[in-house]
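A.B. asks: Assemble the complex: chain A is given as a structure, and chain B must be docked to it using the hints.
Those sequence lines, one after another, are chains A and B.
Numbering-wise, the first sequence is residues 0 to 384 according to numbering that gives the first Met the number 0.
Numbering-wise, the second sequence is residues 0 to 384 according to numbering that gives the first Met the number 0.
Because the hints were derived from the structure by calculation, they are not lab data.
For glycine and all other residues, C-beta sits at the position ideal for the given N, C-alpha and C.
There could be a bad hint or two in this list.
[Claimed, not checked] Some chain A residues close to chain B (C-beta under 7 Å, calculated; not the full set): (1) N2; (2) S4; (3) F5; (4) K10; (5) I11; (6) D236; (7) C244.
[Claimed, not checked] Derived DEER-like restraints, expressed as beta-carbon distance ranges: (8) A:G16 <-> B:R155: 41 to 49 Å; (9) A:D370 <-> B:G23: 30 to 38 Å; (10) A:P337 <-> B:P26: 51 to 59 Å; (11) B:E60 <-> A:D86: 41 to 49 Å; (12) A:E318 <-> B:T313: 23 to 31 Å; (13) B:M50 <-> A:M59: 48 to 56 Å; (14) B:A322 <-> A:N315: 29 to 37 Å; (15) B:S84 <-> A:D86: 33 to 41 Å.
2 protein chains.
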Amino acid sequence: MKNFSFYNPTKILFGKGRIQDIAGEIPKESKILLTYGGGSIKRNGIFDEVMEALPGYHIMEFGGIEPNPSYETLMQCVEVVRKNSIDFLLAVGGGSVIDGTKFIAAAALHEGEPWDIVKTYGKVIKRALPFGTVLTLPATGSEMNNGAVITHRASRTKLPFVHPLLYPRFSILDPTKTYTLPPEQIANGVVDTFVHVIEQYLTYPANGKVQDRFAEGLLLTLIEEGPKAITQPMDYDVRANLMWCATLGLNGLIGVGVPQDWATHMVGHEITALRELDHGKTLAVVLPAMLDIRRKDKKEKLLQYAGRVWGLETGNEDERIDAAILKTREFFESMGIPTRLCDYNIAADIIPAVIEQLKTHRMIQLGEKMDVTPELVESVLKKCL
Amino acid sequence: MKNFSFYNPTKILFGKGRIQDIAGEIPKESKILLTYGGGSIKRNGIFDEVMEALPGYHIMEFGGIEPNPSYETLMQCVEVVRKNSIDFLLAVGGGSVIDGTKFIAAAALHEGEPWDIVKTYGKVIKRALPFGTVLTLPATGSEMNNGAVITHRASRTKLPFVHPLLYPRFSILDPTKTYTLPPEQIANGVVDTFVHVIEQYLTYPANGKVQDRFAEGLLLTLIEEGPKAITQPMDYDVRANLMWCATLGLNGLIGVGVPQDWATHMVGHEITALRELDHGKTLAVVLPAMLDIRRKDKKEKLLQYAGRVWGLETGNEDERIDAAILKTREFFESMGIPTRLCDYNIAADIIPAVIEQLKTHRMIQLGEKMDVTPELVESVLKKCL
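Extracted from the complex, chain A is given alone in its bound form (with noise of 0.2 Å):
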C-alpha cells in the first residue's frame, strides 16, 4: 500500500425529508446565492422546499448553469456574487451544478484571471466561498469531494480542477428527489460512479485489500440496484443504494494508497467537448476497449473482478478476461447505455480530433504508469467505432 492522505470534512444529511435540516447547516447571517440548473427544480417542487426550510435568510438566485457547466455561464454567475458580496453558496442540482458552484466559489474570491484556476487545475486556488449541496442527480460524486471539472465552450477544453478548499460544507442526499429523474439520467450516473470505482480499482495489484474489497464491493451494488432502478423508479432502497454508491465511488475513501487510472475518463471528456456527448455515455463506449487494449498491464486485477464481480471463474485467463469486458459492456447496454460511437452517430473523423485535444491539453501521460500515449488512445478509439 502507498502512503497516503485522507481528508473529508464534509458533512452528509442523507434520506427523507432532510432538506428541512438545511438551515442548521447555514450561518444565520448569511447572503445565499442558490445556483440550479434547466429549472427542473422549480417544476418538480425542490425549489420551493429549500426557500421553505430557510424562512428569513437573503436568498438569491442564478440558474441556468448547463451540463458540462460552462465558462461563460460560470463568469455570469461570478459577477452576481462580487455584485451582491453573497458569502454563501447553495448548489440545488447534479454533478454539473455542483461543480459549476464549485468553480463560482473560487473564481469569487480570486485576483487574478478566473480561467488559471482551471489551466492549473487549482493550483492558484488561495480562497473560496463556503458552500453547500442538495443533490438532486446521484453520478458524480462532486457531493462529496473536492473536485470539479468545467468546460471552456469557446475552445472546446473540458478540464478537471481540485482543491482542499472545495469540500462542500454539506450534502443532503434525499433519495426522494431523484425519482422524477428521466431514466436516461438515472441510466448515465450508474456508468458514471462504475467507471469512478473502475478507475480506482482495475489498474495493477497494490496490496490495499480494504481499497478492493469496498470497490468491489460498490461494482456489485451498482450491477444489482442499476437496472431496478428503471424498472422499479419509486423502490426508495433501491434509489438510496444508488445515491450512497455514487457519493462513496469518489469521495476519496476508495482511492487512497493505491494507483488511479483516470484515462478512459480524459479520453471521454473530449468527446463531450467535441461532440457534447453525455459524459455517462462516453465513459460507456471508452471503458471496455480501454480494458481490452490494456488487458496485458492490467491482466491481474482484471482476472481478480473477473472473479469477484462477475464470478467468472472458469476458462483460460484470456477468456475470462474478454468474459468480464463482455460482462462490462452488457451491463451498460441492459441500462439503455450503447457501447459504440457509431450508435451516436460518431464516425472516425472523430479520432485526430480527440488526439489533437489531448496533445493540446497536456494529456499525453495518461494512466496508472503514464504509459496511455495519445497512440494508445488512437487505437483503443479505433475499438471504440
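C.D. replies: Positioned in the frame of chain A, the structure of chain B alone reads:
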C-alpha cells in the same frame, strides 16, 4: 435504509515515516501536552521521533495512562492541563491513550463535575481542547471517531461517551510502528476490530447494501491478514491492511443507515471492569455465545454472513449458522485468543455480578431491537463458561 448523518473531519496521515509530517498539523504557538501509556514509546524510539518532528514547540508530557484508562489517572492529567494552560493534546499510543485523551480534552474545559461527561454519555460536553493522535496499536478505531470508553476504578464502571467535538484533528497511522507490538496485543486488536464490524453488520436486513459489502470486505480482510500478522510480524502490507481495517471498522461509515447491536461490547465492558480481562478477549468470549442465543432474531444476516464471509453455502439454515459461529470462534482461537471464560479462570460467579452491574448502568435494553435484557445476558454468559 434509515436516514442518517455522516460527518468525520479527522485527517489521516497514513504510511511509513508520516510522523515527520506532524508539525504541519499543529499550530506553531501551541502549548502541547503529549499523553502516553506505559512508556513503551520511550523504549522503541517513537517518543524521540515525535519530539524531533516538533522542533521549537512548547511540549510537556504526561505518561502512565493505563489500559482501560481510569478516571482517577485522567483527572491527574486534567490538573496538569489546567495548571499549565495546555491548548493542544497529542495522544501517542493505542485506543486507551486516545480514549483517555478525549476525556482529558473535554474534562479540562468542563465546568462542573467531570464524571458527568461519562455519566451522561457525553451530553454535557460544551467545549473540548483540540487534539491529534499518533496511533501505535490498531484496534479501537478511536483515532478516527468521536467516542471513548473510560473506567471508574473505584466503582468498577466502564462506560462509553461520544461528542462531535471529540474527533481528532489528525491521526498519524504508520504501520511500521506496530512491528514491535507483542503478538497478543495484535491479536486483541484484530478481534476487537472484527467485533466492531460485526456489531454494525450482524443485526437484521435494512437494505444497506453498500454498508453490508463494506463490512464484509473488512471481515474478509481481517480473516486473511490477521493470522499473517502473527506469523510475519514485519510484513508491511499486512500491518497496513490491518491498521486501515481497524480505523475503518469504527469511523462511523459502515454503521450509517443500518441497525447496530453493541450488546457484546456492553457485556464485555462489565467483564473487563470486574476482572480486568483484556477488552478483545471479553469480546472473543461473549460474541459466539451471543450469536448462538440470538440466532433467531439474527437469522437472515447470520446466513448472509455464513455465505459471503465464510463461503458456507451447503447444509440447512441451522447448520450454516452453527458453522458460521464455529468459524468465528475458530478464527479468534487461531489468533491465540481463547473463547471461554474458563480459559481465563473466570467461573460462574461472574454472572450475577455482570447482571448486577448492567442494571446499575441502566444497560437493560441492549441490542439492535433493545430486547437484550439482563435475563438474556444471563443465558449468554452461561454459554460462555
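A.B. asks: Now, for every hint given, state plainly whether the structure supports it.
C.D. replies: Do the hints match the structure? See the list:
Given hint, N2 of chain A at the interface with chain B, holds; its Cβ is 3 Å from that chain's nearest Cβ, closer than 7 Å. Checking S4 of chain A against chain B: minimum C-beta separation of about 5 Å stays under 7 Å; hint holds. Taken as an interface hint, F5 of chain A checks out: its beta carbon lies about 4 Å from the nearest beta carbon of chain B, inside 7 Å. With a least beta-carbon distance of about 4 Å to chain B, the hint placing K10 of chain A at the interface is held under the 7 Å criterion.
For the restraint placing I11 of chain A at the interface with chain B, the shortest Cβ-Cβ distance is roughly 4 Å, inside the 7 Å limit, so the hint holds. The closest approach between the C-beta of D236 of chain A and any C-beta of chain B is roughly 4 Å, which is under the 7 Å cut-off, so the hint is satisfied. This hint holds: C244 of chain A has a C-beta 6 Å from the nearest C-beta of chain B, less than the 7 Å allowed. Between G16 of chain A and R155 of chain B the C-beta distance comes to about 44 Å, which sits within the given range of 41 to 49 Å.
At about 33 Å, the beta-carbon gap between D370 of chain A and G23 of chain B stays in the expected band of 30 to 38 Å. The supplied range of 51 to 59 Å is met by P337 of chain A and P26 of chain B, whose beta-carbon atoms lie about 55 Å from each other. Checked against the hint of 41 to 49 Å, the pair E60 of chain B and D86 of chain A passes, with Cβ atoms roughly 43 Å apart. Distance hint check: the CB atoms of E318 of chain A and T313 of chain B are about 28 Å apart, consistent with the given range 23 to 31 Å.
Between M50 of chain B and M59 of chain A, the C-beta spacing of about 52 Å keeps the proposed range 48 to 56 Å intact. The beta-carbon spacing between A322 of chain B and N315 of chain A, approximately 33 Å, falls within the hinted interval of 29 to 37 Å. A hinted range of 33 to 41 Å holds for the C-beta pair S84 of chain B and D86 of chain A, which are about 34 Å apart.
The structure agrees with every numbered hint stated previously.
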